[in-house]
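K.L.:
Chains Y and H, in that order, are what the protein sequence lines are.
Under the working numbering, the first residue of the first sequence carries the number 16, and numbering increases by one thereafter.
Under the working numbering, the first residue of the second sequence carries the number 271, and numbering increases by one thereafter.
Don't take every hint at face value.
[Unchecked claim] Not close to chain Y: a few residues of chain H, all C-beta gaps over 12 Å, as computed: (1) Gly310; (2) Met478; (3) Leu485; (4) Leu849; (5) Gly904.
[Said to hold, decoys possible] Sample of chain H residues at the chain Y side, in silico, Cβ under 7 Å: (6) Gly292; (7) Ala382; (8) Ile472; (9) Thr473; (10) Arg479; (11) Ala503; (12) Phe504; (13) Pro507; (14) Ile508; (15) Thr517; (16) Gln521; (17) Gly523; (18) Gly532; (19) Val536; (20) Leu640; (21) Phe688.
[Said to hold, decoys possible] Just so you have them, the derived chain Y footprint on chain H, three or more residues with Cβ under 8 Å: (22) 457–470; (23) 509–516.
No lab work stands behind these hints: they were computed from the structure.
Even glycine gets a Cβ: it sits at the ideal position worked out from N, Cα and C.
As a plain string of letters, each chain reads:
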Amino acid sequence: MSDAHAYPHEPTGVETRKLGFWIFLSTEILFFGTLITTFLIFKGRDFPGIKLTDVYDIPFTSVSSFVLLMSSLTMVLAHNALETDDQEKTRVWLLATAMLGAVFLAGQIYEFTEFYHKGFELSTNIFSSTFYVLTGFHGLHVFVGVVLLLALWGVGQRQRGLSLNEGMNLEFIALYWHFVDIVWIVLFTVVYLI
Amino acid sequence: MTKIIEPKKQRNIFSRPSSETGVWSWITTVDHKRIGIMYGYAAFFFLLVGGLEALLLRIQLSQPDNNFLSAAEYNAMFTMHGTTMIFLAIMPISAAFFNYLLPLQIGARDVAFPRLNALSFWIFVAGGLFLYSTFLFGTAGAPEGGYLDEEVSRLASAPNGGWFGYQPNAGLRYSPGTAMDYWAIGLQILGIASLVSAFNFITTILNMRTKGMRLMRMPVFTWMTFAVSFLLAFSLPIIAIALFFVTFDRQFGTTFFLTEGGGDPVLWQHLFWLFGHPEVYILILPAFGIVSEVLPTFSRKPLFGYPAIVFAGFGIAFIGFGVWAHHMFASAISPVAQAGFGLSTMIIAVPTGVKIFNWLGTIWGGKLTLNTPMLFALGFIGMFVIGGLSGVTHSVVPADTQQTDTYYIVAHFHYVLFGGALFGIFSGLYFWFPKVWGRMYNETMGKIHFWLMLIGFNVTFGPMHWLGLQGQVRRTWVYAEETNLGFWNLIVTIGAFILAVAILVFMANWIYSRRKGEKAPFDPWDARTIEWSIPSPTPVWNFSKAPEIKSLDDFWHQKYGEDEDGRAVRREGTDELLLKLEEEGLNPDEEIHLPSPSYFPLILAFGLPFLGYAVIYKSIPLALIGVILLLIGGFGWGTEPLEEEFETSEETPDAKESSTYE
Numbered sequence: 016m017s018d019a020h021a022y023p024h025e026p027t028g029v030e031t032r033k034l035g036f037w038i039f040l041s042t043e044i045l046f047f048g049t050l051i052t053t054f055l056i057f058k059g060r061d062f063p064g065i066k067l068t069d070v071y072d073i074p075f076t077s078v079s080s081f082v083l084l085m086s087s088l089t090m091v092l093a094h095n096a097l098e099t100d101d102q103e104k105t106r107v108w109l110l111a112t113a114m115l116g117a118v119f120l121a122g123q124i125y126e127f128t129e130f131y132h133k134g135f136e137l138s139t140n141i142f143s144s145t146f147y148v149l150t151g152f153h154g155l156h157v158f159v160g161v162v163l164l165l166a167l168w169g170v171g172q173r174q175r176g177l178s179l180n181e182g183m184n185l186e187f188i189a190l191y192w193h194f195v196d197i198v199w200i201v202l203f204t205v206v207y208l209i
Numbered sequence: 271m272t273k274i275i276e277p278k279k280q281r282n283i284f285s286r287p288s289s290e291t292g293v294w295s296w297i298t299t300v301d302h303k304r305i306g307i308m309y310g311y312a313a314f315f316f317l318l319v320g321g322l323e324a325l326l327l328r329i330q331l332s333q334p335d336n337n338f339l340s341a342a343e344y345n346a347m348f349t350m351h352g353t354t355m356i357f358l359a360i361m362p363i364s365a366a367f368f369n370y371l372l373p374l375q376i377g378a379r380d381v382a383f384p385r386l387n388a389l390s391f392w393i394f395v396a397g398g399l400f401l402y403s404t405f406l407f408g409t410a411g412a413p414e415g416g417y418l419d420e421e422v423s424r425l426a427s428a429p430n431g432g433w434f435g436y437q438p439n440a441g442l443r444y445s446p447g448t449a450m451d452y453w454a455i456g457l458q459i460l461g462i463a464s465l466v467s468a469f470n471f472i473t474t475i476l477n478m479r480t481k482g483m484r485l486m487r488m489p490v491f492t493w494m495t496f497a498v499s500f501l502l503a504f505s506l507p508i509i510a511i512a513l514f515f516v517t518f519d520r521q522f523g524t525t526f527f528l529t530e531g532g533g534d535p536v537l538w539q540h541l542f543w544l545f546g547h548p549e550v551y552i553l554i555l556p557a558f559g560i561v562s563e564v565l566p567t568f569s570r571k572p573l574f575g576y577p578a579i580v581f582a583g584f585g586i587a588f589i590g591f592g593v594w595a596h597h598m599f600a601s602a603i604s605p606v607a608q609a610g611f612g613l614s615t616m617i618i619a620v621p622t623g624v625k626i627f628n629w630l631g632t633i634w635g636g637k638l639t640l641n642t643p644m645l646f647a648l649g650f651i652g653m654f655v656i657g658g659l660s661g662v663t664h665s666v667v668p669a670d671t672q673q674t675d676t677y678y679i680v681a682h683f684h685y686v687l688f689g690g691a692l693f694g695i696f697s698g699l700y701f702w703f704p705k706v707w708g709r710m711y712n713e714t715m716g717k718i719h720f721w722l723m724l725i726g727f728n729v730t731f732g733p734m735h736w737l738g739l740q741g742q743v744r745r746t747w748v749y750a751e752e753t754n755l756g757f758w759n760l761i762v763t764i765g766a767f768i769l770a771v772a773i774l775v776f777m778a779n780w781i782y783s784r785r786k787g788e789k790a791p792f793d794p795w796d797a798r799t800i801e802w803s804i805p806s807p808t809p810v811w812n813f814s815k816a817p818e819i820k821s822l823d824d825f826w827h828q829k830y831g832e833d834e835d836g837r838a839v840r841r842e843g844t845d846e847l848l849l850k851l852e853e854e855g856l857n858p859d860e861e862i863h864l865p866s867p868s869y870f871p872l873i874l875a876f877g878l879p880f881l882g883y884a885v886i887y888k889s890i891p892l893a894l895i896g897v898i899l900l901l902i903g904g905f906g907w908g909t910e911p912l913e914e915e916f917e918t919s920e921e922t923p924d925a926k927e928s929s930t931y932e
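Work the whole structure out from these sequences, hints included.
P.N.:
Here's what the structure looks like:
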């Protein structure tokens, strides 16, 4: 790169910021790991009141999960477009990813409201508490991802467009986005299907 | 290719030290050395506060049936003493060492992410202030039928559920009021600071090493920083989630840890100690690293068994995740779990023992220089062995259940955390004093400090062993005269005041030597690692030229060869080499670009306490202030261009070419 200080570095061969980002993601695993463990511990216990199985709608959640998974595809398409320096397409796919993420979030908000009206509230029982904190924590991650994608889309409006070697760039946000998707696959399985 | 994030405001550093001074240059700094120094002072301030709290506790316990503090005040004081010492004193002082030394030891200009580094520091400051603001705004109400019938003083309006915050005692029913919320959210904020610094240090060690600095050539202190960073990165998320649960329980009516709602108080203990035990190693491993630098230097021998020490460090870090339930032998865990955790506790003593024997091997037959850092390092070994041995006794479950919650435990962990961690830290403070300030500390005062501290320490914590075995209970504000515990408690209190005097001597020495100390010679200790191959105090650019490392203890091998019997012989021309190094270190041939200051980390960091207050007081305006600060900080940070174009200045007309380094 242009203004390269020849000061030697990166003995691992992985770009420094990407390495830092991977380490960040590895701690995210522990955040979700702790939450999922707590969920599984409480799942097997007796608790009074309404259960998730009484209120949930598997087809609905399956569809919104599908939407989230598709957003990973559009994310990859954005990345590919940027690799060939097709700014127009990159922006389109970025926006598509953000929109799909937003649809998933909207689905989650709808679902939460629905559950709430059916009497499955945050403090109904230990199961509902864990459910809301766990899926809500994931929802917060999706929200942050959508904000990042929109910010990136906004930056892409500039004259210079986006580039793969600059800034908190597309590649990191893509890593983050895929991570959040993978976590949802686990959550959907553990919380809804098992 | 460099990935140092460089902000908008430019500042080019030319071939002479920058004269930038003043408060703002410190507040906006992203220089790892300045951040390290600020970490050190902030942490020392909290160390004094925590020490003051300990003195209040000791005055209360100096005689039976005392009423110097009320029960409520006593609870607040021991909670804040523990929380302060662990999260606001020892951890950040270690962070000060990491910040200052890590780039120097691996031959780098700065850490991998200088602005993130500033962010860690400011989040730590914000978290500390948030936690302590409980004395101004917090309330500790009376539990139903509880002890609090008198009016609650400000002193008692601090968190009072212990640094471990056991549930349900720290829950809303038994700890009403907002004080424990300050505790939970304060720790959450401080955790973010440590997490961010952990990413930063891991990346720095992996990716910022200079040419030839292979992993197995890194100084042991760097290795221990590496281990601690992994411990932080993998243990803090656990406590973060557990603290989320606590905050939900207290604020939003969930029952994660409350049996009446189907929750599980023992789950809190598991989550807490799953973090809490690695935390113990987070506190002690930096001291291991420091001592492993000091002992070889003043024994004039290489560190005995370098790979063994490194692997033992990682062994401790790894096994450290598998011993947490030995804190819970008195809770309802199964006999199988008790046996298992008892065993793993015994096993973790093995790598620790390996280290101790390696240190002994290092000083064995060496030419010892008994100056202050060396005395503290030797004191560290002695005190840590005592604390380590009483630690192993806790792996014997039947004995441990007798000792649980007695002063025997208090004695044990003060021997490892004070006699261990803090002695190591003092050793490091004296050892690197010339490096940081370019002046020598006063040796006589240093020795007085050491002896006062060693005596005061043992007088304070030694008798606690037998007080504990006689059955004196922790966290209890009075004891009856008939228990005959009065005599030794008085001795302990006297010891605590000797420690206070020792700290005063240290401060006097520090203040005096900072201004009036002798000018430090280049390489004052005839040291081994490359941070001593540059001038003191360290120039802003650290290394004027990227060093190339050819062996472990590279600087030593530049100065010394071996004769036929393997004895170290000073090479000819070493004096000239040192003069040359000093000359070169002060006058780099080329223009050096350093990351420029930024105030966005500060803004971002101070958004967090507002979010904390917003949760406690359910206030939308406060939340908005917090979010706005976060947005300004984040947006400003994100829009600072990364590949800044350096303007060619008049002094160096061809700066474009010379900006390429090497």
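K.L.:
Decide, hint by hint, whether the structure agrees.
P.N.:
Verification of the supplied hints:
{"no.": "1", "hint": "Gly310", "in the structure": "holds, 25 Å"}
{"no.": "2", "hint": "Met478", "in the structure": "violated, 5 Å"}
{"no.": "3", "hint": "Leu485", "in the structure": "violated, 9 Å"}
{"no.": "4", "hint": "Leu849", "in the structure": "holds, 25 Å"}
{"no.": "5", "hint": "Gly904", "in the structure": "violated, 9 Å"}
{"no.": "6", "hint": "Gly292", "in the structure": "violated, 28 Å"}
{"no.": "7", "hint": "Ala382", "in the structure": "holds, 5 Å"}
{"no.": "8", "hint": "Ile472", "in the structure": "holds, 5 Å"}
{"no.": "9", "hint": "Thr473", "in the structure": "holds, 4 Å"}
{"no.": "10", "hint": "Arg479", "in the structure": "holds, 5 Å"}
{"no.": "11", "hint": "Ala503", "in the structure": "holds, 5 Å"}
{"no.": "12", "hint": "Phe504", "in the structure": "holds, 6 Å"}
{"no.": "13", "hint": "Pro507", "in the structure": "holds, 4 Å"}
{"no.": "14", "hint": "Ile508", "in the structure": "holds, 5 Å"}
{"no.": "15", "hint": "Thr517", "in the structure": "violated, 10 Å"}
{"no.": "16", "hint": "Gln521", "in the structure": "violated, 11 Å"}
{"no.": "17", "hint": "Gly523", "in the structure": "holds, 4 Å"}
{"no.": "18", "hint": "Gly532", "in the structure": "holds, 4 Å"}
{"no.": "19", "hint": "Val536", "in the structure": "violated, 10 Å"}
{"no.": "20", "hint": "Leu640", "in the structure": "violated, 39 Å"}
{"no.": "21", "hint": "Phe688", "in the structure": "violated, 30 Å"}
{"no.": "22", "hint": "457–470", "in the structure": "holds (count 4)"}
{"no.": "23", "hint": "509–516", "in the structure": "holds (count 5)"}
Hints 2, 3, 5, 6, 15, 16, 19, 20, 21, counting from the list given before, are not met by this structure.
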